[in-house]
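Going down the list, the sequences are from chains E and R.
Residues 129 to 388 (our numbering) are what the first sequence spells out, left to right.
Residues 129 to 388 (our numbering) are what the second sequence spells out, left to right.
These aren't lab readings, by the way, just hints derived from the structure by calculation.
Treat the hints with care, as some may be off.
Chain copies aren't distinguished; within one or between two, either way the pair holds.
Lysine to aspartate or glutamate pairs mimicking EDC-like chemistry, simulated, CA-CA at most 20 Å apart [claimed, not checked]:
#1 151 with 280
#2 315 with 145
#3 342 with 331
#4 282 with 152
#5 335 with 323
#6 282 with 147
#7 244 with 348
#8 130 with 306
Below, each chain spelled out in residue letters.
2 protein chains.
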Amino acid sequence: MKKQQLKIVKIGGNIIDDEVVLKEFLSSFAQLKGPKILVHGGGKLATRLAEKMNIPVKMIDGRRITDAETLELITMVYAGKINKNIVAQLQANQCNTIGFSGADGNTIIAKKRPVKQIDYGFVGDIVKVEVNVINVLLINNLTISFCAISHDAKGQLLNTNADTIASELSIALSKDYEVALYYCFEKNGVLKNVEDSDSVIEEINTKQYQQLKKDGIIYEGMIPKLDNCFYALSKGVQHIKIGKAEMLFNTNTKHTTVRK
Amino acid sequence: MKKQQLKIVKIGGNIIDDEVVLKEFLSSFAQLKGPKILVHGGGKLATRLAEKMNIPVKMIDGRRITDAETLELITMVYAGKINKNIVAQLQANQCNTIGFSGADGNTIIAKKRPVKQIDYGFVGDIVKVEVNVINVLLINNLTISFCAISHDAKGQLLNTNADTIASELSIALSKDYEVALYYCFEKNGVLKNVEDSDSVIEEINTKQYQQLKKDGIIYEGMIPKLDNCFYALSKGVQHIKIGKAEMLFNTNTKHTTVRK
């Protein structure tokens with residue numbers, strides 16, 4: 129039997145940080161047919177609030193160091209403010225949604241990252257995704273909105289990258305569904321020339337990726353993003369697209385399709 | 129057919145504000161047999177955080193005035209920090225739980241309180257409880273933990289009293305379940321003499337309540353609490369008990385049973 133399609137959509141700061149853009153996105157997202165899951169990052173809100181509360185933001189190599197105070201802060205911002213506002217707005221668009229952290233329904237179980245050179249603090253590397261509860265909700269026509277928080281199943285919440293949550297959810301759900309994973313960000317996709325927003329690479333596979341990396345055309349932030357994609361494809365995720373959120377609602381929108 | 133019992137347990141500041149007490153409570157709550165729902169207030173955390181962020185706390189007649197800034201704050205504290213920590217700890221005790229606001233699953237729909245003498249701000253009076261999603265979760269052996277936030281189904285989150293959320297949930301679910309509603313607070317129940325913690329009134333009905341109010345034995349904070357109880361009983365809730373949380377785990381613990 130052909131598996132049913134499931135859309136898993138990851139959105140980031142360019143949508144979350146702009147109230148008008150977020151509202152418009154959610155109104156379109158609500159109209160998408162079939163089972164769907166939203167995964168959202170935290171945007172700049174956590175940083176802004178940290179300043180307000182005089183919590184110093186600690187970053188090493190572009191990664192936030194999550195001490196106890198910072199974990200408390202992101203739990204409030206991601207799982208509280210952002211997540212519940214997304215849920216309320218989806219409800220206003222007749223899209224019945226439940227907001228989740230990875231602790232809810234015991235869905236995303238992670239392990240606190242071991243301390244080596246760097247102590248990342250309360251950062252979780254995912255060890256297991258439990259699909260039972262997710263399946264119950266999807267079958268009952270409920271949408272799930274995940275924030276970027278996992279737990280260790282021993283009572284500790286952990287900070288986990290939203291891209292990784294989206295890919296690990298996609299991998300786990302690809303057994304039961306034909307998953308289409310959409311990474312939405314501020315660009316039209318993977319670009320040949322970062323200066324030219326029209327220079328979208330419409331399709332990219334592992335071999336081409338290796339070459340483009342070697343040639344220095346793909347670099348910096350795109351590398352972990354694409355590594356994540358190829359890993360997900362190798363683990364069974366059926367479709368992955370990268371681009372602006374418009375690609376979800378208008379098939380003519382340029383974007384990058386990532387293939388094995 | 130006899131209805132299945134459902135326990136709905138409301139906890140407040142005396143449990144939430146003390147990490148050790150909360151942990152102990154949740155470990156016992158997790159062991160309770162049968163379907164169950166937890167409803168939690170906000171405790172003193174929101175007030176403490178408001179001070180840290182220089183958000184003035186506005187109270188009129190003991191009621192918090194919820195301006196936009198305060199709503200943002202309590203959404204972070206109630207739905208974020210408190211709710212997700214409760215969920216994580218229940219998971220650690222093998223009690224599979226999902227944390228809810230009233231926006232999640234479109235469960236608690238409220239109307240922003242109309243402005244008369246006082247503008248309460250973003251405070252919601254409940255107009256409807258939707259049980260569909262709650263029933264799906266309970267049937268699947270999932271526990272729900274509600275924070276004291278509702279929504280207007282048009283995209284606006286609202287601040288709603290946790291006691292009221294507990295009683296309105298109980299009323300709506302009393303059609304399908306034999307509901308036992310437990311109001312846990314810092315006292316052993318309704319007391320004849322507030323100075324004497326052993327002077328528990330073990331049973332109270334509407335007639336006795338009227339008399340005790342007239343005699344000035346029941347006053348202040350107990351009045352809205354008991355009004356809430358008698359209202360819930362009149363609307364079909366089967367059992368209501370008031371006392372310390374221990375009453376849930378040890379049947380010998382003194383408490384007050386409220387009857388019609």
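Consistency of the hints with the structure:
no.: 1; hint: 151 with 280; verdict: between (33 Å within a copy, 16 Å between copies)
no.: 2; hint: 315 with 145; verdict: within (16 Å within a copy, 45 Å between copies)
no.: 3; hint: 342 with 331; verdict: within (18 Å within a copy, 79 Å between copies)
no.: 4; hint: 282 with 152; verdict: between (38 Å within a copy, 14 Å between copies)
no.: 5; hint: 335 with 323; verdict: neither (24 Å within a copy, 78 Å between copies)
no.: 6; hint: 282 with 147; verdict: between (36 Å within a copy, 15 Å between copies)
no.: 7; hint: 244 with 348; verdict: neither (23 Å within a copy, 57 Å between copies)
no.: 8; hint: 130 with 306; verdict: within (8 Å within a copy, 42 Å between copies)
This entry does not satisfy hints 5, 7, going by the numbered hints stated previously.
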